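Protein chains in written order, with the numbering used here: chain A, 1 to 85; chain B, 1001 to 1310; chain C, 2001 to 2107.
Keep in mind that the hints are not guaranteed to be accurate.
Unchecked claim - In silico DSS-like links for lysine-lysine, alpha-carbon gap of 30 Å or less:
1) B/Lys-1092 with B/Lys-1021
2) C/Lys-2025 with B/Lys-1021
3) B/Lys-1093 with B/Lys-1021
4) B/Lys-1021 with C/Lys-2027
Everything labelled a hint here was simulated from the structure, so no lab data went into it. Bear in mind the structure is a predicted one, so any value in this text is a computation, not a measurement.
As a plain string of letters, each chain reads:
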Amino acid sequence: MYIFWIIPVFLILYIIRIIIGPSVWDRLLGMNLVATKVVIIIIAFASLYELTYLLDFAIVYEIFGFISTIFISLFLMERKKGGKK
Amino acid sequence: MIYAFLTLWIVGALLIIRESKIIRMIIYLGIFSLISSVCFYMFGAPDVAIAEAAISVFSTVFFIVCFEKHFGLAVGVSDVTPESAENRTNLKKYIPPVVFTIFLFVLFIFFIPENPANSYLKDQYLSLFSRDVGGENSVTSIYLGYRVYDTLFEALMLLVGIVSVTHLSRYCETSVKEGKPSDINRADIAVFTIRVICPVMLLFGIYLILNGHISPGGGFQGGAAIASFFVCRYMIYDIYDIPIERIIMVEKIIYVVVVLLAVLFIFIGLHSFLPLPQSVYLITMNLLIGAKVTCGLIIIFYRFIAFERR
Amino acid sequence: MQIAGNIIIIIGIIFMFFGVIGIYKFKNFYSRILISGQIDTVGALTVIIGIAVKHGISFFSLKLLLLAGIILLLNPLATHITARSARLSGYLAQEQEPPPHDKKDGV
């Protein structure tokens, strides 16, 4: 399927944004976008080979990516007083 | 298609190595885990991919808690650099990854999976696992049947790690007794949504453990999913009322039971005497390993969060 | 059915491409997170709906709709928490923000 050829291009562009991103939150945003793309790749993989059980794992990937994003941003927010602007 | 992801994989690994700021390293590690789990799916190993997802969440959480405790306030916004990484020349940093990458390519070219010397053991495992151990997922049958020594030693390694964490981390009982609240500013909408998500995680963990012998999954993955429920719980309520000493006792007892069950069923061959179906052994072992992994991850997480707080 | 599904998937990929343009065009972090977060959620939802249309009415597409609901619930929230963390940490964009009527950057 053509999704498998287009999504890696997006991933490369996101990773370039993550590398040059000036702040931490740019990188966090890029990580969130990469997690969504990974979920879409797993769905396309399941659709290509008709594997229904992979969709459960797509759900759990979404939730795991959400948890790690929220945890990193909570701990960055806690550093408000000592950090520079 | 698969070469694009393999290239991205190597690029992510090189990014982690050449970065010198800790918080960026943690974020790159998350991306590297995501890409590597896609590679595992494409090679046809969903068990490993699920384990990689669980490990990525917990390594992110543990790393960020540890470095925040160690470097104090400076880790987040101002991108602290450890002093040892500054004075190194740039060229030396690239030599080990380049050598390792060349080695991997050579290995990839010369390793042919269709070689008969390589596929002999695989054919024997795949033809005999249903009779010997039972179950329908051959991975579960291998790690609970033929390779049960490995499983026992992995469980022992986790136990040793937990004991060393509880031994080495700073014990500060007063802050736990008082229930000192942290200064995390929680958003109401996030708290509400995490409350909706928590039961899904718990249910998914139990599903992974109980279906470990039929579908991809097993004790470790399900245990990590259940332990992530407790990470969510920390993000909702700011209380440290987990009885850690009791959980350590429970984990040690569970380890002894795991060793006893493996010895009774595999080495002595108890299932040939009893009129039980073979899947009972697999389900029981998966449940016990899942409970053990859950206890271990809860202990490490709450120890880092509550006891190391300055 | 196959052709309709493919068309919907291509529309979703075009949405994602807009998101990629958005994270490169704007100089301000808050503009970037607004554009990419919204467009990317819509793109993911559209691709999932396209794959569900390709499969017709089956168990597979039912699970896909559940997944679409979870993405609709969680993905904007992650964007919200990231932006809130940046704002509460006192992070302002390094570049000076243009006055609102000066530059026709976006809507």
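Okay, the hints, checked on the actual structure:
Proposed proximity of B/Lys-1092 and B/Lys-1021 is supported: the alpha carbons are some 18 Å apart, at most 30 Å. With a CA separation close to 26 Å, the supplied pair C/Lys-2025 and B/Lys-1021 stays within the 30 Å bound. Restraint check for B/Lys-1093 and B/Lys-1021: the C-alpha separation of about 15 Å stays at or below 30 Å, so the hint holds. Only pairs whose Cα atoms come within 30 Å are accepted, and B/Lys-1021 paired with C/Lys-2027 is accepted, the gap being roughly 23 Å.
Violated hints for the displayed structure: none, as all numbered hints are satisfied.
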